[in-house]
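Start from the sequences and build out the full structure, keeping to the hints where you can.
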Amino acid sequence: MTNEFHEEVENTQENTVLNEENTQETTPSEVRNTKKKKAFRSGFVGGVTGGLLAVIIGFGAMSATGTLNQLTGAKSTATSTTTVKTSPTALSNKGAADVSDVVSNVKNAVVSVINKQSLNQNSLFGNYGQSRRQNQKTEDSDLTTASEGSGVIYKVENGYAYIVTNNHVISGSQELEVLMADGTREKAELIGADKWTDLAVLKIKADKVTTVAEFANSDEVKAGQTAIAIGSPLGTEFATSVTQGIVSAKDRSVPTDVDGDGKQDWVVNAIQTDAAINPGNSGGALVNAAGQVIGINSMKISKSSVEGIGFAIPSNEVVSIINQLEKSGKVIRPVLGISMVDLTSVSSQGRQQLDLSNDVKEGVVVADVQENSSASKGGLKQYDIITEIDGKPVTGVQTLRKALYSKTVGSSMEVTYYRNGQKQTTTIQLTSSDSPSL
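Terminal number for the sequence shown in this note's numbering: 438, no gaps in between.
Hint data in this document are derived by calculation from the structure and do not stem from the laboratory.
Being a predicted model, the structure only gives us computed values, none of them experimental.
Hints are not guaranteed to be accurate.
What follows is a set of in silico ranges between Cβ atoms, one per label pair, in the way DEER data are often shown [what the hints assert, rightly or not]:
1) Thr344 with Gln424: 17 to 23 Å
2) Thr344 with Ser320: 29 to 35 Å
3) Asp390 with Lys222: 28 to 34 Å
4) Ser305 with Glu157: 42 to 48 Å
5) Gln429 with Lys208: 54 to 60 Å
6) Asn420 with Lys85: 47 to 53 Å
BS3-like, lysine-lysine: derived pairs with alpha carbons at most 27 Å apart [said to hold, decoys possible]:
7) Lys330 with Lys361
8) Lys205 with Lys330
9) Lys402 with Lys327
10) Lys381 with Lys423
11) Lys85 with Lys107
12) Lys407 with Lys263
13) Lys263 with Lys303
14) Lys377 with Lys423
15) Lys263 with Lys361
16) Lys377 with Lys402
We treat Cβ as the ideally placed atom computed from N, Cα and C, and that holds for glycine.
Now the structure itself:
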């Protein structure tokens, strides 16, 4: 390969060892139904880039001031021993117009999560969604409220209550506080967080906890069913607000930019709802007509031409992730140990250097291979072009990562790739790693 091509790959590569623990905001840019495979161009644009478009990502963390720094790991070791499970979806004879009883049974399990940071930091969210408490110092420190979101109490054990919220709600926090439904405040401890699923688990003393939410089986959710969003839109001033709508669709696939580098690198599977979700609702509950949690509110499309499109992380995925976070403080995923770049971003001159036929239009180019990694042991080399995983097409970094993260550590995957214009196949045994990306 020429030096020019090497520089091209270096300048465009997606540094991906596929086990990073850094915390960044996600930026959805396209929504599609995974079952029907139809693309829906939604016009998602990150709200942190000044002056590009008047379109805001309403992830729901109501921001004051403060930089949302990268979260590099959990602050504590989890002590929980009970595994959280979903419950059969309950049937309700309540009319769709009257949800007051449903809300009264679950609202005390929904709390506000307050992210506190130093005054000399700047918010990634700019001035969007600022409350009157902007720049307000806490009484006992030099920290200030940087952002506010929501959370759901889902378990009480050994004198502690466990809360699930969004990773982007707690991102960059130097201190976390929880505002209970009765107005009291509790210091919260971060148990673990996962940037890919945008979930985090907190722990507080359970002395004042009166209600614990129950997770429904989200596989049983159907479009058209009642959906009730409970949370803190625009922050704690509007804590425990309730909005009602329906499940607009399930199994929505929302490509996101987790690393904040302008590239789509992950696909979130989500429940779509028209129940109003606003900044501050992130981490709050989306419940069914029986008061069971079917999802954790995470994001919305905020654009003048779009109304009523919000998304929640399905409860089944939530339960799987929070159990892992309680156990390990993080989600342990398999790793390939490669850096890569989408083939579609390679120039025509670069394609010639790769000796690719015109029939190969999509895939990922291996920019580098980590020594003694799963990929190196499986025979992959720099400038190989991966086009299939287990016989399914790899269209880019998104699909490769999704295929990899569907596997478990110790399992194997069949990788189809091109080298010097020749199609080849190898089987890779997947391992885990704590090393950072290349």
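Hints and how they fare:
For the pair Thr344 and Gln424, the supplied restraint of 17 to 23 Å holds, since their beta-carbon distance comes to about 21 Å. For Thr344 and Ser320, the Cβ-Cβ distance of about 32 Å falls inside the hinted range of 29 to 35 Å, so the restraint holds. At roughly 30 Å, the beta carbons of Asp390 and Lys222 sit within the given window of 28 to 34 Å. Checked against the hint of 42 to 48 Å, the C-beta distance between Ser305 and Glu157 comes to roughly 46 Å, which is consistent with it.
As the Cβ distance of Gln429 to Lys208 is approximately 49 Å, the hint placing it in 54 to 60 Å is violated. A C-beta distance of roughly 51 Å is found between Asn420 and Lys85, which places it inside the suggested range of 47 to 53 Å. A hinted pair counts as satisfied when its Cα atoms are at most 27 Å apart, and Lys330 with Lys361 does not qualify at roughly 36 Å. A threshold of 27 Å between alpha carbons decides the hint, and for Lys205 with Lys330 the separation of about 22 Å falls inside it, so the pair holds.
At roughly 23 Å between alpha-carbon atoms, Lys402 and Lys327 fall within 27 Å of each other, so this suggested pair holds. The hinted pair formed by Lys381 and Lys423 meets the criterion: a straight-line CA distance of about 14 Å does not exceed 27 Å. Note on Lys85 and Lys107: the hinted pairing holds, with a Cα-Cα distance of about 20 Å set against a maximum of 27 Å. The hinted pair formed by Lys407 and Lys263 meets the criterion: a straight-line CA distance of about 23 Å does not exceed 27 Å.
Only pairs whose Cα atoms come within 27 Å are accepted, and Lys263 paired with Lys303 is accepted, the gap being roughly 21 Å. Among the hinted pairs, Lys377 with Lys423 is consistent with the structure: their alpha-carbon atoms are about 19 Å apart, no more than 27 Å. For the given pair, Lys263 sits about 19 Å from Lys361 by alpha-carbon distance, which is consistent with the 27 Å threshold. Between Lys377 and Lys402, the direct Cα distance comes to roughly 21 Å. Compliance with the 27 Å bound is thereby established for this hinted pair.
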